[in-house]
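Asks: Sequence:
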Amino acid sequence: MTIGTIGTGQIVEKILTSIGKTRHLKCSAVYSRAKEKGQALAKRFGIPAVYTDMEAFLNAPDIDIIYIASPNSLHYSQAKMALEHGKHVIVEKPMTPYYGQTKELFDLALEKGLLCFEASTIGHAPNFAIMKEHLEEIGRTRLVLCSYSQYSSRYDLLRKDEVTNMFDPAFCGGALMDINYYNIYTVTALFGRPGQVVYYPNRYKNGIDTSGILMMIYPDFVCQCTGAKDTWGANGVQIQGEDGYIFVAGSTNESGPVKVVTKVSEKIYDVQPDGNQWYYEFQSLDRLFYDGDMERCKALMQATLDTAWVLEEGRKSAAMDF
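With full-length UniProt numbering applied, the sequence shown corresponds to residues 1 to 322, in that order.
Keep in mind the hints are simulated off the structure, nothing from the lab. Positions of the beta carbon are idealized from the N, C-alpha and C atoms, including for glycine. Take the hints with a grain of salt, since some may be wrong.
Only pairs whose alpha carbons sit at most 30 Å apart, straight line, appear in this in silico DSBU-like list of lysine-lysine [claimed, not checked]:
#	residue 1	residue 2
1	80	21
2	205	316
3	205	132
4	103	298
5	103	132
6	160	298
7	160	21
8	112	160
9	132	267
10	263	298
11	160	37
12	132	160
13	43	21
14	37	21
15	112	298
Estimated spans, in silico, between C-beta atoms of each pair [claimed, not checked]:
#	residue 1	residue 2	range
16	263	54	50 to 60 Å
17	24	206	37 to 47 Å
18	268	36	43 to 53 Å
19	13	135	29 to 39 Å
20	234	196	42 to 52 Å
21	198	43	27 to 37 Å
22	234	135	15 to 25 Å
23	266	40	26 to 36 Å
All chains, full assembly: derive it from the sequences and hints.
Replies: Shown next, in the form of structure tokens:
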């Protein structure tokens with residue numbers, strides 16, 4: 001199957017490298033409003049077609065799947081257009097800024113018999129599956145702690161009062177929607193939707209959050225998700241149960257080696273020899289598209305919907321919206 005990409009940023013280059021390692025997917029076209037950028041990307045990856053007209057791009061008969069890596073605020077409209085043109089869709093996280101928009105896209109895809117995914121590396125990572133598989137060993141979960149702090153080069157510009165898309169409410173940016181998303185997706189994909197959500201952000205003067213702590217309250221446990229683009233520190237996930245704990249060092253989007261400690265054993269699992277998390281994502285998507293696995297698609301849709309709900313409830317709790 002063939003993919004057409006929207007966007008020319010760094011993430012697109014990583015995705016194209018991973019697509020090149022799949023068995024059944026290939027990139028046949030690039031869409032970019034800036035023709036020169038599109039041509040440069042196409043030349044680097046040997047992509048035959050470059051479009052600057054969205055309608056012509058979506059009408060191209062030799063494109064099966066649209067991959068969207070535009071600013072967050074454009075995801076919904078572009079994904080809806082692609083689905084209405086009969087294309088399968090992959091959208092960079094977050095799928096959309098709002099739960100209602102995300103559900104509308106998924107409902108439209110299912111109605112048309114199309115596959116529609118959020119491009120989250122976590123749900124496709126083999127090590128994440130290991131985490132899920134070993135949850136029962138640590139007994140009843142009581143505490144979950146997730147931390148992902150990564151100082152952004154764009155924060156240097158913000159300190160000079162230069163606002164980029166990442167820190168612009170008009171583009172649905174901020175730490176919660178970007179870096180803390182990975183923490184939240186990890187938790188919702190493991191445990192589903194919480195009963196209560198509260199977000200405590202640090203804000204820039206335009207109201208955007210540059211870092212913050214989100215609390216998720218479940219019937220049996222509480223969860224803390226810390227995400228920051230204005231600091232850096234030790235990252236990781238720790239799930240503490242009554243009979244043991246699971247610990248994964250590093251940022252949540254990388255799904256590193258899984259340490260499982262109980263009262264009688266301590267084991268480390270790592271089934272991701274390739275250090276590129278996008279490699280596993282597109283190997284998984286390659287199989288999903290080739291098999292037309294709608295049930296797996298629905299399971300991924302649910303994790304995305306639960307995450308979208310948490311993000312929106314978190315913003316509401318902090319009186320923070322776009």
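Asks: Against the earlier hints, flag every one the structure doesn't satisfy and list their numbers going up.
Replies: As far as the earlier hints go, 3, 6, 7, 8, 10, 12, 20, 21, 23 are violated by this structure, in ascending order.
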